[in-house]
Each structure stands twice: as C-alpha cells, then as structure tokens.
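Participant: Okay, here's what each chain looks like letter by letter:
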Amino acid sequence: MAKTKFKQRQNPFKSDAWKRFRKNKLALVGSAVIIIMVLAAIFAPILSQNDPYISLRDGTKILKNMSPVDSHTILGTDSLGRDEFSRLVYAARVSMSVGLVAVGISTIIGIVLGAISGYFGGVADMVIMRCVDVVNCFPVMFLIIIIATILKPSIYNIMIIMGLCNWTGTARLVRGEILRVREMEYVHAAVSLGASDFRIIFSHVIPNVMAPIIVEATMQMARAILTEASLSYLGVGVQLPTASWGNMLIEANNLATLTGRPWQWVPAGACIFLAVLSINFIGDGLRDALDAKQKK
Amino acid sequence: MGKYIRKRLIQAVPVIFGITILTFFIMQLAPGGPLTGMISPRTSSESLQRAREAMGLNDPIIVQYGKWLVQLIHGNFGFSTYNGQNVLDMILTRLPATLLLTVTAFVFSFVIGIPLGVYSATHKYSKADYGLTVFSFIGISVPSFFFGMGMIYIFALKLKWFPTSGFGSSSFKGTGMALFLHRLRYLVMPAVVMSLSNIATVTRFARSSMLETLSQDYIRTARAKGLSEKAVIYKHALKNSMIPVITIFGQSIPNLFGGAYITEKVFGWPGMGLLGVEAINNRDYQVLMGLTLFTAVLVLLGNLLADIMYSFVDPRIRY
Numbered sequence: 001m002a003k004t005k006f007k008q009r010q011n012p013f014k015s016d017a018w019k020r021f022r023k024n025k026l027a028l029v030g031s032a033v034i035i036i037m038v039l040a041a042i043f044a045p046i047l048s049q050n051d052p053y054i055s056l057r058d059g060t061k062i063l064k065n066m067s068p069v070d071s072h073t074i075l076g077t078d079s080l081g082r083d084e085f086s087r088l089v090y091a092a093r094v095s096m097s098v099g100l101v102a103v104g105i106s107t108i109i110g111i112v113l114g115a116i117s118g119y120f121g122g123v124a125d126m127v128i129m130r131c132v133d134v135v136n137c138f139p140v141m142f143l144i145i146i147i148a149t150i151l152k153p154s155i156y157n158i159m160i161i162m163g164l165c166n167w168t169g170t171a172r173l174v175r176g177e178i179l180r181v182r183e184m185e186y187v188h189a190a191v192s193l194g195a196s197d198f199r200i201i202f203s204h205v206i207p208n209v210m211a212p213i214i215v216e217a218t219m220q221m222a223r224a225i226l227t228e229a230s231l232s233y234l235g236v237g238v239q240l241p242t243a244s245w246g247n248m249l250i251e252a253n254n255l256a257t258l259t260g261r262p263w264q265w266v267p268a269g270a271c272i273f274l275a276v277l278s279i280n281f282i283g284d285g286l287r288d289a290l291d292a293k294q295k296k
Numbered sequence: 001m002g003k004y005i006r007k008r009l010i011q012a013v014p015v016i017f018g019i020t021i022l023t024f025f026i027m028q029l030a031p032g033g034p035l036t037g038m039i040s041p042r043t044s045s046e047s048l049q050r051a052r053e054a055m056g057l058n059d060p061i062i063v064q065y066g067k068w069l070v071q072l073i074h075g076n077f078g079f080s081t082y083n084g085q086n087v088l089d090m091i092l093t094r095l096p097a098t099l100l101l102t103v104t105a106f107v108f109s110f111v112i113g114i115p116l117g118v119y120s121a122t123h124k125y126s127k128a129d130y131g132l133t134v135f136s137f138i139g140i141s142v143p144s145f146f147f148g149m150g151m152i153y154i155f156a157l158k159l160k161w162f163p164t165s166g167f168g169s170s171s172f173k174g175t176g177m178a179l180f181l182h183r184l185r186y187l188v189m190p191a192v193v194m195s196l197s198n199i200a201t202v203t204r205f206a207r208s209s210m211l212e213t214l215s216q217d218y219i220r221t222a223r224a225k226g227l228s229e230k231a232v233i234y235k236h237a238l239k240n241s242m243i244p245v246i247t248i249f250g251q252s253i254p255n256l257f258g259g260a261y262i263t264e265k266v267f268g269w270p271g272m273g274l275l276g277v278e279a280i281n282n283r284d285y286q287v288l289m290g291l292t293l294f295t296a297v298l299v300l301l302g303n304l305l306a307d308i309m310y311s312f313v314d315p316r317i318r319y
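From first to last, the protein sequence lines stand for chains A and B.
Quick note: our numbering has the first sequence finishing at residue 296, numbered continuously throughout.
Quick note: our numbering has the second sequence finishing at residue 319, numbered continuously throughout.
Please keep in mind that the hints were generated in silico from the structure rather than gathered at the bench.
Hints are not guaranteed to be accurate.
To be verified - Which residues of chain A face chain B? A partial, calculated answer using Cβ under 10 Å: (1) Gly122; (2) Val123; (3) Ala124; (4) Arg130; (5) Val135; (6) Pro139; (7) Phe142; (8) Gly235; (9) Asn253; (10) Leu258; (11) Pro262; (12) Ala268; (13) Ile272; (14) Leu277.
Just so you know, even glycine gets a beta-carbon here, dropped at the ideal spot from N, CA and C.
Next up, chain B with everything else stripped away, as it sits in the complex:
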C-alpha cells in the first residue's frame, strides 16, 4: 500500500512539470509573454527597467521558464493585466463559491447517479431501465447553458421557487443556519445544472459495473445457497460493484470545473468560472493563466486522491 502511494506520488512529479511547461508555452503566445505579467503594476517607472532585468526578459527561454517557476512556487501568479490585482488573491477570493458549487454537484452526481444505476442494472431490460438509458443520453447531450436557461425560465420566472441568479441577497443579514438556508435557495439550480451530465455518466457506469458484478461466480454461489435477492444485491454485489465507480471520482473533477464557466455565467454565481468569463471579456491573459494552472493542480490532486482511495478499497491494485 505505502509502496503504491509512493509510486503514484513520484509519477505525479513529471505531470506537475508538464502542466507548468504547457502553461508556460501557451503564455509565450500572449503579448508580453509569461514573465511580464508577474511584475507588479505598482512598480514605479524608474524601477520598472530594473524589475524587467531581474525577471530576465532577455534570458534564454529555459532560464525564463526557471524564473517563472520560482515565481509560481513563491505564490506569484502574476498581476491582472486589466486591473493590476494579484491573480492568486483574485482566485482565492472566488474559490469558496466555486468549491461550494462543485462539491454540491459532485455529491448530487453520486447520491443520485449510483442508486439510479443500481436500479437500472437490477431491473435490466425493463421499461425503467430503458427509460434511464434514454435519460442518461439526454443528460450527456443537453447543453448546460440551454438547460440552465430553461430552469431559470420555469422555476425562477414562472413558478418563482428559486431566485434567478446570484449568491444570496445583499440585504440578507442572518448568520449561521439562517444564512445557510438562504444560500441553499440560490445553490439548488446551478448545482442541478452542473451535475446533470455527471449524474448521467455515473448512472451508466454504475449500471455496467453492477451488471458485471452480478455475473460473477460468487453471486451465483450466493444465489445457489438460497439467499434472498435483496441480500445478494445489497450484501454481496453492491459493495464490490461500487469499487470501479471510484475511478469516475477522478474523471468527474475536470468535468465539473470545466462546467463552472458556463454554469456560473448563466446563474451569475460569483466563483472562479465567472472570474474567467470576466477575464475573457477583458482579454486578461494573466488571470486566465492563473485559473488554468490552479484548476489543473486541483484536478491532479483530485486524481491522486481517487487513486489512493482506490488502492485502499481494492487491495488487489498493485503496480
């Protein structure tokens, strides 16, 4: 176990370098290149020349990459080309809202997707199974902004169950539980929209995994010794069939973050996605770079965590 985790951690190192190299070269295409954006815009014009030299804008590209990496490690993600703010600060202020949304969507995907998939598998070829299959096709096919607009149209404007957009009313003064319940009304629709395609994916995956498990010999043994169907499914099959579903954990993280741009724009949710949309409109490359790099590292950590969890749950995994 320890050996596997160590090996997996070592494998992640070249990937981290790869992520930074790729980002660095993408930023080479931007006007000014990757390093210019890291000089604070508050630097006075006299010291600007010195700052540029210190950054080594005339150095060979490998040296530039090294210097850029050192800046990153020190937490300098550069300064917004639009308003001069520190990019890392901008991201960190937006992070909680995005995490709240993605974690909720993540929980929705598995809490809803797994039971649907299991039901579908245990009622194979029934009408419900067929319906769920069509549902999962619809789930992966519907454009999230169109779905979001439809939700706003029906549930916010016509039925008035939920507010159209935002993160909570500014006039709301409550704290604690009251604030949480207040936020919850704003959270429901974006979380549903964000999780829909993931629910569909999890449903299909859980279904095929459950079917595979049900065809195993030990299930036949369990049935042969006269166990009830309930005991066979919930005591013997369920746990084993859920192991491969963990691999979907890792895969769904980039999907959820990628969906943040759209969902947060449609619902005016003040997270990293909305920050990205503002950065697109302002052609703020430095903020976009920060966001891309930041999410890439988050995804890497998420994948690592999923793999380690997998090795705990399924001790057969050995590399």
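The following block holds chain A by itself, in its conformation from the complex:
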C-alpha cells in the first residue's frame, strides 16, 4: 500500500499540494528570495571580488569606512576596511547553515520524544511533558545565552545549543498528531500483523504526520535564523572575525556608524529580515498546500 502511494507522489510538480502552493503569491516570492540567497551562499567565493577577512589597502593605507559610491567594492567596506558585500555573502553561509543544523537537531529530538510520549503514553508521556513544561518556562534566549557563555561560543556550539533548547514545540505537535492517528485503522492493522512498536511509529505513523512537522520545521528555521542573529549581535553567537549577519550589526552600536555609514549595517539587517520573512511566507504557503491544520 505505502509503496504505491509513494509512486503517485513521484512528480511533486503535478501534485495538488504544488498547485495550492503556487496560488500563494507571497510563498512564491519567498521561495525565489531564499533560492537566490542559497545560491549566493553556495557561490560566495565566485560572487565576492575581495576576501571577506582581509582589509583592503591602497598602498599602505587601509581603505576604512569606504562608501558604496567608490568603485572598488559593491557595498563599500566596514570599519576595518573589509569588503561589506563579500562579508554579506559569506555570512549567508554561516547564518543559513546554523539555522539548518539547529532546526535539524531540534526536529529530530522533537519527533523522537513526541513519538515516545504520544505512542506509549503513561509514565513516559508524563515525564516528557513535564520536561517540556520545564524548558518552556525558560525564555529560550536566557537558556541559550547562559549555556553558550559557559561553553565558549562557537558556530558548532551554537548549532547544538539551539537544537537542544528548541525541541519542545515539535515534541508537542508530534505527540498531538500521534494521539490523533494512533487509533486509526491502519495502525490497528499494523499491530494485528505483528509489527514492532518501532516499525509502527517510524514507518506507519510518522510518515502520516509529516505535513505539520514540515510546516513547523520551516517556521522554526525562520526563528532559528533570527535567534542566531540576536545571539551573534550580543556577542554569544558566531564570533568575529567570522562574519554572520547578526554580528555585522555590532558595528551599528557606534552612533557615528549608525548615522553616518548606513551601508555598514543596513544590508546585513535587511538580509536577516528578508530571509526570515521569506521563510515565514514559505511556511505559510506550505501549511495551506499540505493542508496541515494547526493553530498559530
């Protein structure tokens, strides 16, 4: 049964879901923006004229605070004379991969714990749900900040910490969905055929609750990029000199930069905003397309 159903899905561009997704103009625009950003991130070395970590010099003089009107660079240079545009595209790599890995980790944790909680119920359910309550009491920012400060911030630590702190939403969602499908006939059929719990959960139940999980993961990706940017801005995320969109805005703490050199902070802020907005649009489109009815 599952096999034939899978075959029908092989061309995603002919499916109903794609037809519904296509109708959502905002989601299409969002997808286009994200595709461009991902391509820019992948081809960062080709796109950037200058090394993002080297101060540009004219003879011995560092070309500091150069405005975009100059011809050497596309978006000018920062206060250390580094090419802003190069830093921006390299930062896209960092910000997006941090978001992707963090959401990957939290989604896997959420699925496993939510599945255990929903499928087995009883003590396991109670313990896991109380854990969810506990983690939810901490403002996520506070929790991530204290762990990141203790563990010394680095890209990898940030990915792991964000993954470990953000699983509660997915866990709750998966639990609820599993409670819903657990009593369905195909699950009873699988049980009567003698399938193991593991097999029932991961090859019968999870595939059928994938739609809301995908939507939730997309929305989380948007939040993860925002969180990473905030952490890097506060100095506990991605550490300088590695560029991330968040830590590029640290320069704007200086009032002279804020007023006099907008090219040093507006593009990075705009990139965060555009990326997050686009992913949220995509998530919204996916929700309609996959018919994943969920609140919020």
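Following the hints, position chain B against chain A.
Facilitator: Relative to chain A, chain B alone:
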C-alpha cells in the same frame, strides 16, 4: 474552580524542581560549579576552607543539589564572579526598569493587537485584512535590534522626537507626574520595539479566534433574529472570542523577557537584560544563572496566573 486551581498549583511543583535541576546541571558545566559562587567573596582566606567544606564541594552530586537548593530558598543566588556583589540584590535593583518596560510592551501588544485582529476578522479577505496579514508577518520577521536601530536613526537622530537611549536624564530633578512624563519619552521606543512581534502574534491569534466565533451557531441565531451586525460582533462575538486570547498572555511572557536582552542593549535601558549583557561580557556565570532562574520562576508564575484567569473566564475548563 477551587479544585482546578489546586490541581494546577500541584502541577507546578515538579516544574519548579525541574527548573532548578536544569539550572543546577547547566551550572555544573561552569568553572567551579554551582556552589562555589555562593560563597561570599568577602570570606577571609582562613575561613574559606571551612566555608568550602560547609558548602560540601566534595559531597555527592545529589547532596550538592540539596545544599544548593537550600541556599536558593534562603535567597542566596550567589555572588557575582566579576565584582563580588550579591546576585539577588543586583537583579532586584534592575527589576523595576525591566518590569516597567515589559508591562508597557505587554499592554501595547494587547491594546493594539486585539482591535487589529478583530478588524481583520470582521473585514475578512478585504484589502485591510490582507495588509494586516502581511504586517503580522513583518512583525514576527524583523530582527528587534535592526528595528530598534532604525527607530533610533529615524525618530531620535533625524526627527529628534525621542532621546536615543537611557532611562531618563540624570540632570532631571522633577518628581511625581513630571518624572513620569520625563521617563515616558525614554520608554516609548523600547516598548514599541519590544512589543512589535507580540502585537503581530496577538493580531493573528485574535483574528483566527474571532473568525472561529463568528462561525458558531449562536452567532447565526443572533443574526437570524435580526440584530444589527454591530450588536452581533460587539455584544455576542467579541467577549467569547477573547477567551482563547488569554492563553497568549502566558506565552507572551517568556517572549517579552527573552527580548529584554536585545531591546535593553539597543536602548541602553538599565534593566535585567542589560545586566545580562554586562554579565556576558564579564563571563559572570553566577549573574547569568540568577537571571535565568529568576525569569523562569516569573514565567511560571505568569503562566499559572493566565491559567487561573482562564478558568475564571471560561468555567467549562475542567481537568
């Protein structure tokens, strides 16, 4: 009702323990562990050894947790690893500023968000509804520090309507109403920045809740008996649709406190968030722990309050 509240209070007990256990284990990762920071730095070097023994730094971990918990219950949140001050005192001096900011942002979110959501729902699929939907997407997507910087750039530096940062001018001598009005100018921008994403969330939630209510049978009855649309919406639908919005009360508390780090840093607002930022720069784990624990308990209390309010407003809730 009493039974529900009692049950809800009992449920909160394991959560409180969970919060302390999680914090304790996070602090295990910090150099010195959770207990070292609780010894006053003013202890002389002779009595230091005794203090360390009294703290039981060599005890099994469960015993250490117990001792740590006892210290917490006695109000000992430890001493700053940076300047030796009592952490609880540091937090309490910063608390009023943060509360002023978060409460204002909280009020903004609901006072602005609910009418927008209701308007959006009653004008479903109109241009305004579409615009508000896009607005709420923008609201949850814009990084608060970027938004804050933009606000400072436009409203403080270009238009000079508001001061760029701070909590009030030190040369200001007025009291009472004058002081309040003086502070108000400093409060507006951070409160707007802090509440933006919350306004967006409340708008969307209020909209879907109102739409759900408008599809109920009793609304059809009200319309069928010839009531005006105004009476249907404001007399019958509004109150009922606002009940689920209370659940957002609880959820928005951790969001607002979490936003304090960023907003207070951007605007130099001397609250708990700024204290946290200073602690990050000084690697002051004890202060960060105190802040985390303190806000977690505040959030727990806020959630409890929201749930109890909910059970008052909607007597159908029974566990």
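Participant: None of the hints should be skipped; say for each whether it holds.
Facilitator: Outcome of the hint check:
no. : hint   : result
1   : Gly122 : violated, 16 Å
2   : Val123 : violated, 13 Å
3   : Ala124 : violated, 15 Å
4   : Arg130 : holds, 5 Å
5   : Val135 : holds, 8 Å
6   : Pro139 : holds, 3 Å
7   : Phe142 : holds, 5 Å
8   : Gly235 : holds, 6 Å
9   : Asn253 : holds, 8 Å
10  : Leu258 : holds, 6 Å
11  : Pro262 : holds, 8 Å
12  : Ala268 : holds, 8 Å
13  : Ile272 : holds, 5 Å
14  : Leu277 : holds, 4 Å
Checked against the numbered hints given earlier, the structure breaks hints 1, 2, 3 and satisfies all the rest.
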